[in-house]
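J.: Sequence:
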Amino acid sequence: MPSNADTRADKNAAPPLPAPLAVPVADSHTHLDMQSGTVEEALAKAASVGVTTVVQVGCDVRGSRWAAETAAAHAGVHAAVALHPNEAPRIVHGDPEGGWSRQGARTPGGTGALDEALAEIDRLAALPHVKGVGETGLDHFRTGPEGKDAQESSFRAHIEMAKRHGKALVIHDRDAHADVLRVLKEEGAPERTVFHCYSGDAEMAEICARAGYFMSFAGNVTFKNAQNLRDAVAVAPLELLLVETDAPFLTPAPYRGRPNAPYLVPVTVRAMAAVRGIDEDTLATALGANTARAFGY
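Numbering of the sequence shown is given in numbering that gives the first Met the number 0, commencing with residue 0 and proceeding in unit increments.
By construction, these hints were calculated from the structure, which means they are not laboratory data. Note that the Cβ used here is the ideal one computed from N, Cα and C, for glycine as well. One or more hints might be untrue.
Result set (DSBU-like, lysine-lysine): computed pairs, CA atoms no more than 35 Å apart in a straight line [said to hold, decoys possible]:
{"id": "1", "residue 1": "Lys162", "residue 2": "Lys184"}
{"id": "2", "residue 1": "Lys44", "residue 2": "Lys10"}
{"id": "3", "residue 1": "Lys147", "residue 2": "Lys223"}
{"id": "4", "residue 1": "Lys223", "residue 2": "Lys44"}
So the derived label-pair ranges between C-beta atoms look like this [claimed, not checked]:
{"id": "5", "residue 1": "Glu145", "residue 2": "Lys184", "range": "46 to 56 Å"}
{"id": "6", "residue 1": "Lys162", "residue 2": "Asp114", "range": "11 to 21 Å"}
{"id": "7", "residue 1": "Gly109", "residue 2": "Asp230", "range": "37 to 47 Å"}
Let the hints inform the model, and build the full structure from the sequences given.
T.: Structure representation (structure tokens):
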């Protein structure tokens, strides 16, 4: 009989390699800087199962610089740069709980500090190997009323940046569907807009489809309590679907709670194909083409 220590070790162990996809796909949103092992190891493991491209996403200035540098060094990596929605109020108010950055508590910097950080994101967004501006958007789950103004101001700045540089806009939308859609309408969305880790329902998917927004689904589409996501996968136009890991988060079932990584994309692809009632090669072909079109590579 296994000991408690053995059971805990199993839960922390990397899931096994899935069967390879016959048609290559891209992980449209990952955080290699938060995963164990080297970038080279992660890319090789992913490629061995048919995940040949990843979009590395920055969430603060430091992470965005790393994303840009990593994309410059690896042909199979594209970068997206931004201040995460929770990072903006943290910069303004110095909130050690509500932000993304892992640098610990800080002295409130005010709007001037936010402008300075956005200027650096703007500089990075101009680089040719940076294909997206994001993840940006709104997060009403972690940020209270006192941080909403900073979040929305940052979101609007990122929208302008994406349009000016001709880059994809990558949206983080948590418990903020109506406000995210409102701001996009008020500002005018970029030509290529991606709802990362899509979290709406079928009705919202139809709204996004009419606007031409891409919808990227992560491993949580496999969770038992995520019927709303499966309903959205079923109705979203095939040409607007993307797949992602958001690794190391949102590991798909049956490995939920264990470390996620780009090589697990096939698990989610197969779940999405089953929901739509199509074969995995057909879906993978669309996903590969859609991701290249969304990010312009």
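J.: Decide, hint by hint, whether the structure agrees.
T.: Verification of the hints:
For the suggested pair Lys162 and Lys184, the alpha carbons sit about 14 Å apart, so the restraint of at most 35 Å is met. Simply put, Lys44 and Lys10 have alpha-carbon atoms about 20 Å apart, close enough for the 35 Å limit, and the pair holds. Simply put, Lys147 and Lys223 have alpha-carbon atoms about 31 Å apart, close enough for the 35 Å limit, and the pair holds. Restraint check for Lys223 and Lys44: the C-alpha separation of about 28 Å stays at or below 35 Å, so the hint holds.
For the hinted restraint 46 to 56 Å between Glu145 and Lys184, the CB-CB distance of approximately 25 Å leaves it violated. Hint check: Lys162 to Asp114, Cβ distance near 18 Å, so the stated range 11 to 21 Å holds. Taking 37 to 47 Å as the suggested C-beta distance range, the pair Gly109 and Asp230 conforms, at roughly 43 Å.
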